[in-house]
Amino acid sequence: MTSVGTSKISGQAKELKFRDPAQARALSARLAGLCDEIGRESVQVMHVCGSHEQAIARYGLRAVLPKTLDLIMGPGCPVCVTDMPEVDEAVVLAVDGALIATYGDMVRVPGTAKSLADAASEGARVEVVYSASQAVELARSCEAEVVFFATGFETTAVATAAIVLQDDLPPNFSILSAHKYVPPAMEIVARIPETRVEGFLAAGHAATITGWGLFEDFVDRYGLPVVVAGFEPLDILAGLVRLVELIRDGQAKVENMYPRCVTREGNTVAQDQMWRVFRTASGMWRGIADIPNGNLRLREEFAHLDARARFDIDTRRLRAHVPSKLTERCICGTIMSGLALPTDCELFGKECDPENPVGACMVSSEGTCKIWHQYGGHPEL
Amino acid sequence: MCLGVPGQVVEVNGLVASVDFWGVRREVRLDIVDQPVEPGDYILNHVGFAIRKIPAEEIEETLALYEELLQAAESDMMSADVHGELEATAPEGDGHD
Ligand code: SF4
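Protein sequence lines correspond, in order, to chains A and B. Per the working numbering, residue 2 is the first one in the first sequence, and the count goes up by one each step. Per the working numbering, residue 38 is the first one in the second sequence, and the count goes up by one each step.
No lab work stands behind these hints: they were computed from the structure. We treat Cβ as the ideally placed atom computed from N, Cα and C, and that holds for glycine. It is possible that some hints are incorrect.
[What the hints assert, rightly or not] Per label pair, the in silico range of CB-to-CB distance:
#1 A:Arg31 - B:Arg62: 28 to 34 Å
#2 A:Arg330 - B:Ala93: 30 to 36 Å
#3 A:Arg330 - B:Arg62: 44 to 50 Å
#4 A:Asp218 - B:Arg62: 40 to 46 Å
#5 B:Arg62 - A:Glu356: 48 to 54 Å
#6 A:Thr335 - B:Glu48: 31 to 37 Å
#7 B:Gly60 - A:Glu347: 24 to 30 Å
[Stated by the list, open to error] Pairs of lysine to any residue residues, derived as SDA-like cross-links and limited to a Cα-Cα distance of at most 20 Å, are as follows:
#8 A:Lys254 - A:Arg330
#9 B:Lys90 - B:Asp68
#10 B:Lys90 - A:Thr269
#11 B:Lys90 - B:Val53
#12 A:Lys351 - A:Arg330
#13 B:Lys90 - A:Ser325
#14 A:Lys68 - A:Thr344
#15 B:Lys90 - A:Arg330
#16 B:Lys90 - A:Asp273
#17 A:Lys115 - A:Arg126
#18 B:Lys90 - A:Gly212
#19 B:Lys90 - B:Asp113
#20 B:Lys90 - A:Thr344
#21 A:Lys254 - A:Glu188
#22 B:Lys90 - A:Pro184
#23 A:Lys115 - A:Ser325
#24 B:Lys90 - A:Arg265
#25 B:Lys90 - A:Glu188
#26 A:Lys351 - A:Ser325
#27 B:Lys90 - A:Lys115
#28 A:Lys254 - A:Tyr223
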C-alpha cells in the first residue's frame, strides 16, 4: 500500500492509504473539477452512517476533498439518537432487578438521571452483548428476567426480529426496543429550514437490507439526490463523485454505487421479518426532533416479549432529576441535524472527552464527537 | 453497528453456518439471508446474522478494507468495531440448532 498524500490532521490520523492511489487521485481531481463547474462557495452533502464517518476521519478523506465541498455527518449514530427517556426505561428496569443486556456503547449513554453504567455501579445487573442471540443465551443461563435493550437502525433491527421469530425463547427473556428507522429522519433533516444539504450519501450495509429503491420516494418528495456508497475510502470518494455530478446536473435520483452489496429490492427476507415483528411509532430522536414513524416498536402480537407490556416501567421518579449544567451545553442534536460541527461545541476535548463524555456523541464509536476526538478532528484546510 | 464483516462459509447446518473469518471459525445464523448459501460462498455477517451473500466476483475488493483494519492497532476504533462484529458470532459448537 502506498500513500497519496498526508492529511493535515494531527493526532492519530493516518496517512491516506488506498489500494489504488492513482484511482484515489483521479477521483479527488474529478471532485475538484465538478465543484469548480458548480462554481458556488460551498456545496454541502450529508452522510448518515457512523461507519462512513469513521472511514472518512480515519483515512483523512476530508483533506482530499475540494475546499468548497462540505461533507457532514447527520443522524447516523443509533446510540446517539436514543432518547433519554428510553435510557431511563432501561435504568428503571435494571434498578428494579432485571438484568439488562445491551450493546456496549449503550452502557455509558446518559439518561435523565443516570446511565446504565451508573446503575451498575450501584448494584444493578447490566451485561454487554454483541448480538441479540447472546442476550437470549444469557436468559437461558440464569433465573433473572433478562431484558434486551435493543438499539440500532435497520441492520440490527432485522437481527432482533429474527430472534423474536424463534420459537424456543426462554420465558424470562424480553425486549425493550429503542430501534430507529432512518428514512423518516432523513426527511426531517431535509425539511429543517436552515439546512443547506444538497444531497445524501446513504449507508451501504443498511441499504443491503432495505434496498436502494427505498430512497426513491424520498428523492421524489424532496428533490435531493441520494447515492448509496460502500465503506472503503475509494467507495466513499466514488460515491461523492456521483453525488456531486447529480447536484451539478440538478438531477434528483437514487444511484447505487455499491452494487456488490446493494440491490434495488434489498434483502426481502430480512425486511419481511422486520415488518412482521415491528411497527413504526413516532417519537423523539435525542436532541434532534420528534420524528414521525422514526421508531420501531414490537407489534401487539409479540406483547409477551415486549418489556413495555410485561413490566410497569415508571420512569417518573427519575425525571425529577435536574440535568447538570454541562449537559445543557451539549450540542449533539444540532451536530446530528447537520447545523454544527463538534469543534463548534465549547466543551469538545475539554470538559467532554471519551473518558468523561458529556453527551452521547462522545460515548459511541459511531458518534461524530468521539470519532473526531479519536482521529484528530477536522483537518485545517 | 453499521459495518458488517465478510467471511467464507465452511459448513451449513440448517439455519446455522460455520464461517471462516481470517482463520477463525465462528457460527453465523442464516435466518435472514435471502439467497441459498453453500460451503465456499462468502457472506456478510452483521451482529451474528448473514445479511447478504457476496457475489463471487466481488470478494477480493470487499476483503481488502477489512484486512487493513484487522491489522490495525487494537486501540483503533474502526478496527475495534470490526472485532466486535466477530464477537457477535457464536464460537463453534455453541449454536442451538
Ligand atoms: S463535544 Fe460533548 S458536549 Fe459537545 S456536542 Fe459533543 S458530546 Fe455534546
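Hints, verified against the model:
1. The hinted range of 28 to 34 Å is not satisfied by A:Arg31 and B:Arg62, whose Cβ atoms lie roughly 42 Å apart.
2. Between A:Arg330 and B:Ala93 the CB atoms are about 52 Å apart, so this pair departs from the stated range of 30 to 36 Å.
3. In this structure, A:Arg330 and B:Arg62 meet the distance hint of 44 to 50 Å, their C-beta atoms being roughly 49 Å apart.
4. At about 42 Å, the CB distance of A:Asp218 to B:Arg62 agrees with the hint of 40 to 46 Å.
5. At about 36 Å, the beta-carbon gap between B:Arg62 and A:Glu356 misses the expected band of 48 to 54 Å.
6. Remark: the range hint 31 to 37 Å for A:Thr335 to B:Glu48 is contradicted by a beta-carbon distance near 50 Å.
7. Distance hint check for B:Gly60 and A:Glu347: the Cβ-Cβ separation is about 47 Å, which falls outside the suggested range of 24 to 30 Å.
8. Among the hinted pairs, A:Lys254 with A:Arg330 is inconsistent with the structure: their alpha-carbon atoms are about 38 Å apart, more than 20 Å.
9. Between the alpha carbons of B:Lys90 and B:Asp68 the distance comes to roughly 13 Å, so the proposed pair stays at or under 20 Å and holds.
10. Between B:Lys90 and A:Thr269 the alpha-carbon distance is near 13 Å, which keeps this suggested pair within the 20 Å criterion.
11. Restraint check: the Cα-Cα separation between B:Lys90 and B:Val53 comes to about 14 Å, which is no more than 20 Å; the hinted pair holds.
12. Restraint check for A:Lys351 and A:Arg330: satisfied, since their Cα atoms lie roughly 13 Å apart, inside the 20 Å limit.
13. At most 20 Å may separate the alpha-carbon atoms for a hinted pair to count; B:Lys90 and A:Ser325 exceed this at roughly 48 Å.
14. This hinted pair checks out: A:Lys68 and A:Thr344 have alpha carbons roughly 17 Å apart, not beyond 20 Å.
15. A threshold of 20 Å between alpha carbons decides the hint, and for B:Lys90 with A:Arg330 the separation of about 45 Å lies outside it, so the pair is violated.
16. With a CA separation close to 18 Å, the supplied pair B:Lys90 and A:Asp273 stays within the 20 Å bound.
17. With a C-alpha separation of about 14 Å, the suggested pairing of A:Lys115 with A:Arg126 holds against the 20 Å cut-off.
18. For the proposed pair B:Lys90 and A:Gly212, the alpha carbon gap of about 14 Å is at most 20 Å, so the pair holds.
19. Restraint check for B:Lys90 and B:Asp113: not satisfied, since their Cα atoms lie roughly 28 Å apart, outside the 20 Å limit.
20. Taken as a hint, the B:Lys90 and A:Thr344 pair is broken in the structure, with Cα atoms around 40 Å apart against an allowance of 20 Å.
21. Straight-line distance between C-alpha atoms of A:Lys254 and A:Glu188 comes to about 15 Å, which keeps the hinted pair within the 20 Å bound.
22. For the proposed pair B:Lys90 and A:Pro184, the alpha carbon gap of about 24 Å is over 20 Å, so the pair is violated.
23. At most 20 Å may separate the alpha-carbon atoms for a hinted pair to count; A:Lys115 and A:Ser325 meet this at roughly 11 Å.
24. Straight-line distance between C-alpha atoms of B:Lys90 and A:Arg265 comes to about 15 Å, which keeps the hinted pair within the 20 Å bound.
25. Using a Cα cut-off of 20 Å, the hinted pair B:Lys90 and A:Glu188 is violated, with the two alpha carbons roughly 30 Å apart.
26. Annotation: proposed proximity of A:Lys351 to A:Ser325 holds, straight-line Cα distance about 16 Å (limit 20 Å).
27. In summary, the hint linking B:Lys90 to A:Lys115 is not supported, as the alpha carbons are separated by about 41 Å, beyond the 20 Å threshold.
28. A distance of roughly 10 Å separates the Cα atoms of A:Lys254 and A:Tyr223; the hinted pair therefore holds under the 20 Å criterion.
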